[in-house]
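Trainee: Here are the chains, one letter per residue:
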Amino acid sequence: MRDVAIVGTAQRPSQVETNLTSVELILPVIDEVITKVGIDRSEIGFWCHGSCDYMSGQPFSFVAAVDAIGAWPPIVESHVEADGALALYEAWVKIQTGECDIAVVFSNGKTTSGPIDRILTLQADPYTVAPLWPGFDAMSALQAQACLDSGVVTERAMAEVASRSLADAKTNAIAYAKGDHSVDELLARPYTVAPLRAHDCGLPVDGANAVVLAAGDAARRLAKRPAWIRGIDHRIDTQRLGARDLTESNSARVAAQHAGVGRDKVDVAELHAPYTHQELLLRSAVGLDANKTRINPSGGALVANPAMAAGLARFAEAAEAIFAGGADRAVAHCTSGPCLQQNLVCVMEGE
Amino acid sequence: MSAQSIGALSGDSFVAPLEVAYPYKRTVGTTLSRFFNSMIEGRLEGTRGSDGKVYCPPAEFDPITGAALTEWVTVGDEGTVSTWAWQSEPQPDQPLDRPFAWALITLDGADVPMLHAVDAGSIDRIGTGTRVKVRWAADRTGGITDIACFDLLEGARA
Amino acid sequence: MSEADGILRVRQPIGVQYRWSAGPNATSHLQGLIEGRLIGKRCPGCELVYFPPRNGVCPKCARILGADVEVGPRGTVTTFCIVNVPFLGQKVKIPYVAAQILLDGADISMQHLIQECEADEVRIGMRVEPVWKDRSEWGPTLESIAHFRPTGEPDVKLGSEAGAS
Ligand SMILES: [Zn+2]
Numbered sequence: 001m002r003d004v005a006i007v008g009t010a011q012r013p014s015q016v017e018t019n020l021t022s023v024e025l026i027l028p029v030i031d032e033v034i035t036k037v038g039i040d041r042s043e044i045g046f047w048c049h050g051s052c053d054y055m056s057g058q059p060f061s062f063v064a065a066v067d068a069i070g071a072w073p074p075i076v077e078s079h080v081e082a083d084g085a086l087a088l089y090e091a092w093v094k095i096q097t098g099e100c101d102i103a104v105v106f107s108n109g110k111t112t113s114g115p116i117d118r119i120l121t122l123q124a125d126p127y128t129v130a131p132l133w134p135g136f137d138a139m140s141a142l143q144a145q146a147c148l149d150s151g152v153v154t155e156r157a158m159a160e161v162a163s164r165s166l167a168d169a170k171t172n173a174i175a176y177a178k179g180d181h182s183v184d185e186l187l188a189r190p191y192t193v194a195p196l197r198a199h200d201c202g203l204p205v206d207g208a209n210a211v212v213l214a215a216g217d218a219a220r221r222l223a224k225r226p227a228w229i230r231g232i233d234h235r236i237d238t239q240r241l242g243a244r245d246l247t248e249s250n251s252a253r254v255a256a257q258h259a260g261v262g263r264d265k266v267d268v269a270e271l272h273a274p275y276t277h278q279e280l281l282l283r284s285a286v287g288l289d290a291n292k293t294r295i296n297p298s299g300g301a302l303v304a305n306p307a308m309a310a311g312l313a314r315f316a317e318a319a320e321a322i323f324a325g326g327a328d329r330a331v332a333h334c335t336s337g338p339c340l341q342q343n344l345v346c347v348m349e350g351e
Numbered sequence: 352m353s354a355q356s357i358g359a360l361s362g363d364s365f366v367a368p369l370e371v372a373y374p375y376k377r378t379v380g381t382t383l384s385r386f387f388n389s390m391i392e393g394r395l396e397g398t399r400g401s402d403g404k405v406y407c408p409p410a411e412f413d414p415i416t417g418a419a420l421t422e423w424v425t426v427g428d429e430g431t432v433s434t435w436a437w438q439s440e441p442q443p444d445q446p447l448d449r450p451f452a453w454a455l456i457t458l459d460g461a462d463v464p465m466l467h468a469v470d471a472g473s474i475d476r477i478g479t480g481t482r483v484k485v486r487w488a489a490d491r492t493g494g495i496t497d498i499a500c501f502d503l504l505e506g507a508r509a
Numbered sequence: 510m511s512e513a514d515g516i517l518r519v520r521q522p523i524g525v526q527y528r529w530s531a532g533p534n535a536t537s538h539l540q541g542l543i544e545g546r547l548i549g550k551r552c553p554g555c556e557l558v559y560f561p562p563r564n565g566v567c568p569k570c571a572r573i574l575g576a577d578v579e580v581g582p583r584g585t586v587t588t589f590c591i592v593n594v595p596f597l598g599q600k601v602k603i604p605y606v607a608a609q610i611l612l613d614g615a616d617i618s619m620q621h622l623i624q625e626c627e628a629d630e631v632r633i634g635m636r637v638e639p640v641w642k643d644r645s646e647w648g649p650t651l652e653s654i655a656h657f658r659p660t661g662e663p664d665v666k667l668g669s670e671a672g673a674s
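Protein chains in written order, with the numbering used here: chain A, 1 to 351; chain B, 352 to 509; chain C, 510 to 674.
Simulated from the structure, these hints should not be mistaken for laboratory data. Hints may be right or wrong, so weigh each one.
[To be verified] Listed below are the simulated SDA-like cross-link pairs for lysine to any residue, each with C-alpha atoms no more than 25 Å apart in a straight line:
| no. | chain 1 | residue 1 | chain 2 | residue 2 |
| --- | --- | --- | --- | --- |
| 1 | C | Lys569 | A | Asp53 |
| 2 | B | Lys404 | A | Ile236 |
| 3 | B | Lys376 | C | Gln521 |
| 4 | B | Lys376 | C | Val525 |
| 5 | B | Lys484 | A | Pro126 |
| 6 | C | Lys569 | A | Asp101 |
| 7 | B | Lys376 | A | Phe60 |
| 8 | B | Lys404 | A | Asp149 |
| 9 | B | Lys404 | A | Thr238 |
| 10 | C | Lys600 | B | Ile357 |
| 11 | B | Lys376 | C | Leu597 |
| 12 | C | Lys569 | A | Cys100 |
| 13 | C | Lys642 | B | Ala359 |
| 14 | A | Lys36 | C | Cys555 |
| 15 | B | Lys376 | A | Gln123 |
| 16 | C | Lys569 | A | Glu77 |
| 17 | A | Lys36 | C | Gly554 |
| 18 | C | Lys642 | B | Leu360 |
| 19 | B | Lys376 | C | Ile516 |
| 20 | C | Lys600 | A | Gln58 |
| 21 | B | Lys404 | A | Ala243 |
| 22 | A | Lys36 | C | Pro553 |
| 23 | C | Lys642 | B | Gly358 |
| 24 | A | Lys36 | C | Cys570 |
| 25 | B | Lys376 | A | Asp125 |
| 26 | B | Lys376 | C | Val594 |
| 27 | C | Lys642 | B | Ile357 |
| 28 | C | Lys569 | A | Val76 |
| 29 | B | Lys404 | A | Gln239 |
| 30 | B | Lys376 | C | Gly524 |
| 31 | B | Lys376 | C | Gly515 |
| 32 | A | Lys36 | C | Lys569 |
| 33 | B | Lys376 | C | Gln599 |
| 34 | C | Lys569 | A | Pro73 |
| 35 | A | Lys36 | C | Pro568 |
| 36 | C | Lys569 | A | Ile75 |
| 37 | C | Lys569 | A | Asp31 |
| 38 | B | Lys484 | A | Asp125 |
| 39 | B | Lys484 | A | Ala243 |
| 40 | B | Lys376 | C | Ile523 |
Start from the sequences and build out the full structure, keeping to the hints where you can.
Mentor: Take a look at the structure:
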C-alpha cells in the first residue's frame with residue numbers, strides 16, 4: 001500500500017440559500033485549495049467530484065461542473081453520484097494504483113434548489129417504498145423511534161447532541177446554525193416528524209468543499225503535517241429498512257473494524273450524522289468513547305448539512321485537526337442512504 | 352423538463368420555477384409481479400428467506416446471502432407496528448392528506464416488516480405494538496399504493 | 510399496467526419542483542435579452558468572449574468571466590442540421606434548420622433556428638442576422654429572438670477556431 005495523506009482543504013461558508021450555480025459554488029474552493037497547498041494544476045493527476053443531479057434539477061449537471069476545474073489541456077477526472085467523501089475514496093484507490101500522486105477531490109451540495117426531503121426519498125426502493133414518498137426525515141424518524149423503544153437512545157441524549165453541536169458551531173466559520181441552547185430548552189420545542197424535532201435534523205444549506213490528496217514524498221513536500229490515511233473502508237447494509245436492526249449500524253461497525261479505528265486512541269472524530277440519534281448509534285458502532293474522543297468539534301452535519309458535501313466536510317475537519325496539531329489520530333466518517341445505510345470510515349494520523 | 356416561467360430577477364440572479372418530471376413506466380420483474388398481482392386480488396404474499404424469515408413485500412434475493420428466493424407464503428392483512436413516526440404535515444403524493452403515522456408493520460405470518468402509512472387520527476393512538484389492518488385502495492392497478500393505508504384495529508394499543 | 514407475459518409494467522411518475530437560478534454571472538446576458546441586446550462576457554485569462562456565458566466561468570482557464578462585451582448582431586453559421594424528426598415538446602414545424610451561429614465578436618457559437626430561406630440553402634459560412642420577436646415578448650431568454658435569417662452577404666470561410674463551442 002502507498003502512504004496517502006490529505007494535505008489541504010477548503011470549505012465554503014454555508015448559506016441557507018444561494019443564487020450561485022453549482023459551477024460558481026465549486027470554483028472558489030478549488031482555487032483556494034490549490035493556492036493553499038501551492039501546487040500547479042499540471043501536477044494534479046486526478047480530479048474526483050461528488051454531487052447529485054437530482055439536487056441540481058439538471059440531468060448531467062456534473063458534466064457542466066467540469067467547467068469549474070479547467071479541463072484544458074485535457075485532465076483525468078471522475079464523478080460519483082454521492083457524497084464527496086466517496087469521491088475521496090475513489091481518488092485514494094486511484095493513487096493506490098500508482099496512476100497518480102496528487103488528486104483533488106471536491107463536492108457541492110445545493111440543497112435549497114428543491115425540496116430536499118422529497119429528493120433524497122428517491123434513494124429508497126422504487127417499487128415498494130418511493131411511491132409512498134415517505135420523506136427522508138420520516139424514514140430517519142422511524143429509526144429514532146426504534147432506538148427510543150429499545151432504549152439505546154433517549155430524547156434527552158438526542159437533545160444533548162444538538163446542544164453540544166450548536167455550541168461547538170460558534171467557533172466554526174463554516175457552520176450556519178449556532179448558539180447556546182440548553183437541553184431543556186430544546187426538549188420544550190415541538191416535534192417536526194415525531195420523535196424528531198427540527199434541531200434533531202441537519203440543517204439543509206448550500207455548500208462546497210475541496211481537499212487535496214497526495215502520496216508519500218509529494219505529501220511531505222506539500223504539507224508540514226500531512227493527515228496520513230491509515231485505514232479506510234466502506235460498507236453497505238440492505239436497502240430494506242425492515243430487514244435491518246435499525247437500532248445499530250452494522251455497516252459502520254464493520255467499516256470501523258476494517259479501517260482499524262480500535263487499534264489506538266482517537267483524539268477527534270468527525271461523524272457524519274445528519275440526525276442526532278444517528279451520532280449516538282455511530283459512536284457505539286465505530287467504537288468511540290465520548291469521554292476520551294472529542295466528537296464533532298466542528299458542530300457536524302447538524303449545524304450545516306450541504307447534502308453530498310457534508311461527508312467530505314467531515315474529512316476536511318478531521319484533517320485540519322491533524323494539521324493544527326490538536327489531534328494525532330482522527331476518525332472521519334460519511335454516511336449515505338436512509339437510516340445510515342452506507343458508511344465510510346477513515347482513520348488519519350499525524351507524524 | 353420545462354420552465355413554467357422564463358424567470359425574473361431575484362437579487363443578483365435570474366431565477367425561475369422549474370419542474371423536472373419523468374413519467375416512468377417500470378417493469379417490476381417476476382417476483383414483484385406476483386406480489387402486485389395478488390394484491391389486485393386482495394391477497395398478500397411474501398417470500399421465505401434463507402434463514403426461514405418471511406419477507407412481505409417479498410425479497411427477490413436474500414438480503415444476507417444473496418440467494419434467489421422462490422418459496423411463497425400467503426400472509427395476513429393484519430399486522431403489528433414495530434416502529435413509527437408522526438407526519439404532522441402531510442406532503443404531496445403521500446398516502447394521506449391529514450396527519451398520519453408512518454410505520455414499519457409486520458404482517459401476521461411475516462417476519463420482516465413493511466413501510467406504510469397508518470390512518471391513526473392522532474399521535475397518541477399509535478405506538479410500537481399497535482395492531483393495524485390493511486385498507487385496500489378501491490381501484491387497484493398493481494403497486495404498493497394498492498394498499499391505501501392501514502387502519503387501527505379495535506383495542507389497537509398493545 | 511399490462512400483463513402480456515404476467516410481468517407487470519406499472520406507471521411510477523416522479524416529479525420535483527425546483528427554484529432554478531441562472532447565477533449572478535449570467536445576469537447581464539439575460540438582462541440584455543430583455544432589452545434586445547446581445548451581451549457576452551470576456552475571460553480575464555484567455556480573453557475569449559463567451560456568448561452565452563455558460564455557467565459564468567471559462568472552462569479553459571477555470572476562471573470567473575469578467576467584463577461584459579456586446580456581440581453580433583450578425584453572425585456566421587458554423588454548422589447546422591435539418592430536423593425532420595417530430596419529438597415531444599417540439600415548437601417549430603418540421604423540417605427546420607437548427608444551426609450553430611458564431612456571433613461577430615464572440616468566440617463560441619450558440620444554437621438557434623435559421624428561417625426565411627429553404628432548408629437546403631443553409632450552408633456552413635452563411636452570414637445570418639437575428640429576427641427579434643415583438644418587443645412585448647422579450648424576456649431573459651434567447652427565445653426573445655424568433656430566429657436568424659440570411660443577410661445576403663458573401664459567405665465567410667471559417668478557420669478551425671470557429672467550430673469550437
Ligand atoms: Zn479563459
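Trainee: It remains to establish, for every hint, whether it holds in the given structure.
Mentor: Hints, verified against the model:
1. For a cut-off of 25 Å, the pair hint linking lysine 569(C) to aspartate 53(A) stands: about 23 Å separates their Cα positions.
2. Only pairs whose Cα atoms come within 25 Å are accepted, and lysine 404(B) paired with isoleucine 236(A) is accepted, the gap being roughly 21 Å.
3. For the hint linking lysine 376(B) to glutamine 521(C), the alpha-carbon distance of about 6 Å falls within 25 Å, and the restraint holds.
4. Distance hint between lysine 376(B) and valine 525(C) is fulfilled; the C-alpha atoms sit about 17 Å from each other, no more than 25 Å.
5. Distance check on the hinted pair: lysine 484(B) and proline 126(A) sit about 24 Å apart at the alpha-carbon level, within 25 Å; holds.
6. Annotation: proposed proximity of lysine 569(C) to aspartate 101(A) holds, straight-line Cα distance about 23 Å (limit 25 Å).
7. A distance of roughly 21 Å separates the Cα atoms of lysine 376(B) and phenylalanine 60(A); the hinted pair therefore holds under the 25 Å criterion.
8. Restraint check for lysine 404(B) and aspartate 149(A): the C-alpha separation of about 23 Å stays at or below 25 Å, so the hint holds.
9. Annotation: proposed proximity of lysine 404(B) to threonine 238(A) holds, straight-line Cα distance about 15 Å (limit 25 Å).
10. For the hint pairing lysine 600(C) with isoleucine 357(B), the CA-to-CA distance comes to about 16 Å; that is within 25 Å, so the pair holds.
11. Restraint check: the Cα-Cα separation between lysine 376(B) and leucine 597(C) comes to about 17 Å, which is no more than 25 Å; the hinted pair holds.
12. Simply put, lysine 569(C) and cysteine 100(A) have alpha-carbon atoms about 22 Å apart, close enough for the 25 Å limit, and the pair holds.
13. With a CA separation close to 19 Å, the supplied pair lysine 642(C) and alanine 359(B) stays within the 25 Å bound.
14. A hinted pair counts as satisfied when its Cα atoms are at most 25 Å apart, and lysine 36(A) with cysteine 555(C) qualifies at roughly 24 Å.
15. For a cut-off of 25 Å, the pair hint linking lysine 376(B) to glutamine 123(A) stands: about 17 Å separates their Cα positions.
16. Straight-line distance between C-alpha atoms of lysine 569(C) and glutamate 77(A) comes to about 15 Å, which keeps the hinted pair within the 25 Å bound.
17. Between lysine 36(A) and glycine 554(C), the direct Cα distance comes to roughly 21 Å. Compliance with the 25 Å bound is thereby established for this hinted pair.
18. Taking the CA atoms of lysine 642(C) and leucine 360(B), the gap is near 21 Å; set against the 25 Å cutoff, the hint holds.
19. Restraint check: the Cα-Cα separation between lysine 376(B) and isoleucine 516(C) comes to about 12 Å, which is no more than 25 Å; the hinted pair holds.
20. Restraint check for lysine 600(C) and glutamine 58(A): satisfied, since their Cα atoms lie roughly 21 Å apart, inside the 25 Å limit.
21. For the suggested pair lysine 404(B) and alanine 243(A), the alpha carbons sit about 10 Å apart, so the restraint of at most 25 Å is met.
22. For the given pair, lysine 36(A) sits about 22 Å from proline 553(C) by alpha-carbon distance, which is consistent with the 25 Å threshold.
23. Proximity of lysine 642(C) to glycine 358(B) is assessed by CA-CA distance (about 18 Å); at most 25 Å being required, the pair is judged to hold.
24. Our distance criterion of 25 Å between C-alpha atoms is met by lysine 36(A) and cysteine 570(C), whose separation comes to about 18 Å.
25. Among the hinted pairs, lysine 376(B) with aspartate 125(A) is consistent with the structure: their alpha-carbon atoms are about 15 Å apart, no more than 25 Å.
26. Restraint check: the Cα-Cα separation between lysine 376(B) and valine 594(C) comes to about 24 Å, which is no more than 25 Å; the hinted pair holds.
27. Annotation: proposed proximity of lysine 642(C) to isoleucine 357(B) holds, straight-line Cα distance about 15 Å (limit 25 Å).
28. Straight-line distance between C-alpha atoms of lysine 569(C) and valine 76(A) comes to about 15 Å, which keeps the hinted pair within the 25 Å bound.
29. Between lysine 404(B) and glutamine 239(A), the direct Cα distance comes to roughly 17 Å. Compliance with the 25 Å bound is thereby established for this hinted pair.
30. A distance of roughly 14 Å separates the Cα atoms of lysine 376(B) and glycine 524(C); the hinted pair therefore holds under the 25 Å criterion.
31. A threshold of 25 Å between alpha carbons decides the hint, and for lysine 376(B) with glycine 515(C) the separation of about 16 Å falls inside it, so the pair holds.
32. For the hint pairing lysine 36(A) with lysine 569(C), the CA-to-CA distance comes to about 21 Å; that is within 25 Å, so the pair holds.
33. Simply put, lysine 376(B) and glutamine 599(C) have alpha-carbon atoms about 22 Å apart, close enough for the 25 Å limit, and the pair holds.
34. For the proposed pair lysine 569(C) and proline 73(A), the alpha carbon gap of about 8 Å is at most 25 Å, so the pair holds.
35. With a CA separation close to 21 Å, the supplied pair lysine 36(A) and proline 568(C) stays within the 25 Å bound.
36. Proposed proximity of lysine 569(C) and isoleucine 75(A) is supported: the alpha carbons are some 11 Å apart, at most 25 Å.
37. Taken as a hint, the lysine 569(C) and aspartate 31(A) pair is honoured in the structure, with Cα atoms around 14 Å apart against an allowance of 25 Å.
38. For the hint pairing lysine 484(B) with aspartate 125(A), the CA-to-CA distance comes to about 23 Å; that is within 25 Å, so the pair holds.
39. Between lysine 484(B) and alanine 243(A), the direct Cα distance comes to roughly 21 Å. Compliance with the 25 Å bound is thereby established for this hinted pair.
40. Of the supplied pair hints, the one linking lysine 376(B) and isoleucine 523(C) holds, its CA atoms being roughly 10 Å apart against a limit of 25 Å.
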